[in-house]
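Chemist: Hey, can you work out the whole structure from these sequences and the hints?
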Amino acid sequence: MKREFLVVGGGLAGTFIAYNLSRKGYDVVLVEKSKKIGGLLYTIPCEDSKGNTYFFDIGPHIPPRSDIWNFLCKKVENISLQYSSLKSSMELDNHFISFPLSLKEITNIPLKQLLKFFLSYLESSLSKRNESTIKDCLINKFGANFYQNYLRNYIYKFWKFPVDFISKDWSLRIPSVNLKNIIRNGLSTHKAKFDSSNKILYPVYGIGQIFKPIISEMLSNSVELKLNTIVKSIQPSIDKLYVSLKEPNSTTEYTFNKIIWTGALHYITRLTGLNIRKKLIYRDLLVVNCAIEKENLLGEKIIDAYITSPEIIFHRIYEPKKFSQKMAPSACTSICIEISITEHMKKMIPHIVEKSIKQLQYLYNLANSDVKCLNYEIIENAYPVLFVKYESLVDKLTKHLEKKNIYLAGRTGKYHYWGIEQVLNDAKRIITELTTAKK
0 MKREFLVVGG GLAGTFIAYN LSRKGYDVVL VEKSKKIGGL LYTIPCEDSK
50 GNTYFFDIGP HIPPRSDIWN FLCKKVENIS LQYSSLKSSM ELDNHFISFP
100 LSLKEITNIP LKQLLKFFLS YLESSLSKRN ESTIKDCLIN KFGANFYQNY
150 LRNYIYKFWK FPVDFISKDW SLRIPSVNLK NIIRNGLSTH KAKFDSSNKI
200 LYPVYGIGQI FKPIISEMLS NSVELKLNTI VKSIQPSIDK LYVSLKEPNS
250 TTEYTFNKII WTGALHYITR LTGLNIRKKL IYRDLLVVNC AIEKENLLGE
300 KIIDAYITSP EIIFHRIYEP KKFSQKMAPS ACTSICIEIS ITEHMKKMIP
350 HIVEKSIKQL QYLYNLANSD VKCLNYEIIE NAYPVLFVKY ESLVDKLTKH
400 LEKKNIYLAG RTGKYHYWGI EQVLNDAKRI ITELTTAKK
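When you number the sequence shown by numbering that gives the first Met the number 0, it's gap-free, plus one each residue, and the end is 438.
Keep in mind that the hints were calculated from the coordinates and are not lab data. Check before you lean on any hint, since a few could be wrong.
[Stated by the list, open to error] Derived DSBU-like pairs: lysine-lysine, alpha-carbon spacing no greater than 35 Å straight-line:
#1 Lys211 / Lys371
#2 Lys211 / Lys300
#3 Lys34 / Lys239
#4 Lys346 / Lys231
#5 Lys300 / Lys73
Quick caveat: nothing in here was measured; it's all calculated off a predicted structure.
Modeler: Here it is as structure tokens:
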């Protein structure tokens, strides 16, 4: 069977690309190796003790102030939130400070510790390091003292690699500290005004809801959607690609003009014979979903907490209720515990889950009866490991594949630690490039 486009990967990038190509009238096959569409934008329906359904999102996905996102979100029931009101927190020696930092938060830090942070921060501000690794960037942003005591532990816990291996690019996800702004805002007597341009939209019943109308429209546009399907082989020729797709009960041969790959790169390198797959590493993510017998756990308007203590095995926890009341049991809340894992750790998952729940209880002074584990699962290839000089390797792969009419897109496919807005922009880019070139 001949088709124009094969889109591999049914996450946000792949689904958005297939959806828009079908709207333009192209023949598209969308392949997803799992049984569901959505990738990291994944919502789980749960049931509370009274039999009421609520919803649970995997990961704290901060929605962007983006026309593309708003277009998708308006297809479902949504809620409007003030972007500037959303906060995170960071655990420092079993105490929490919220971000963005305020003058009040800074003054809550013990004076001796605060003085060490300040002097180290001042030194780094006056003498910037050349930035080649994440270590250099974070010392420039926060000072050596804060980095050595907290951030180094967090980064090792997250990546499971020494910090000298990690690229400076990952630090772009971590905002710098601007003491001038913190002091000025702290001393200001003016209250922040509501800014309508500062609003963000979020689906009331969870972020995964955006895929329902998209899938429906794709199917009506004759997109061939294949779940539980993998690409078994790719044979490029001069102007077409012969592809074998393996489904649970059959294998089908197709011919495509172009392939858009949004999945993990070690699969496409194996299929196309480029021997760099061992250098492109992803971290899997273990998510543990819990119901909590409290109305609020992390604090007012705090959506997630980053845990720096090395003895705590999880790196982040997230409270879905802060986005929508529909994402928690009635009169309670829920928590998602996130743990990046290696292949070796997969052998100990039940033990890791049990330990993470006990550590959550310890951090937040919760009784056994306060916490109920709802479920847990492993999200494969959640985080591309941005090692030093990864860009040259990805560029080499990109050029190699484009000669064969195979194009990379999205967070996983482009090997970037992107958020929703960057993923959608990249999807829009590849759609424009390929459809314009065709014309």
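Chemist: So, for every hint listed, does it hold in this structure?
Modeler: Verification of the hints:
no.: 1; hint: Lys211 / Lys371; result: holds, 29 Å
no.: 2; hint: Lys211 / Lys300; result: holds, 29 Å
no.: 3; hint: Lys34 / Lys239; result: holds, 28 Å
no.: 4; hint: Lys346 / Lys231; result: holds, 27 Å
no.: 5; hint: Lys300 / Lys73; result: holds, 24 Å
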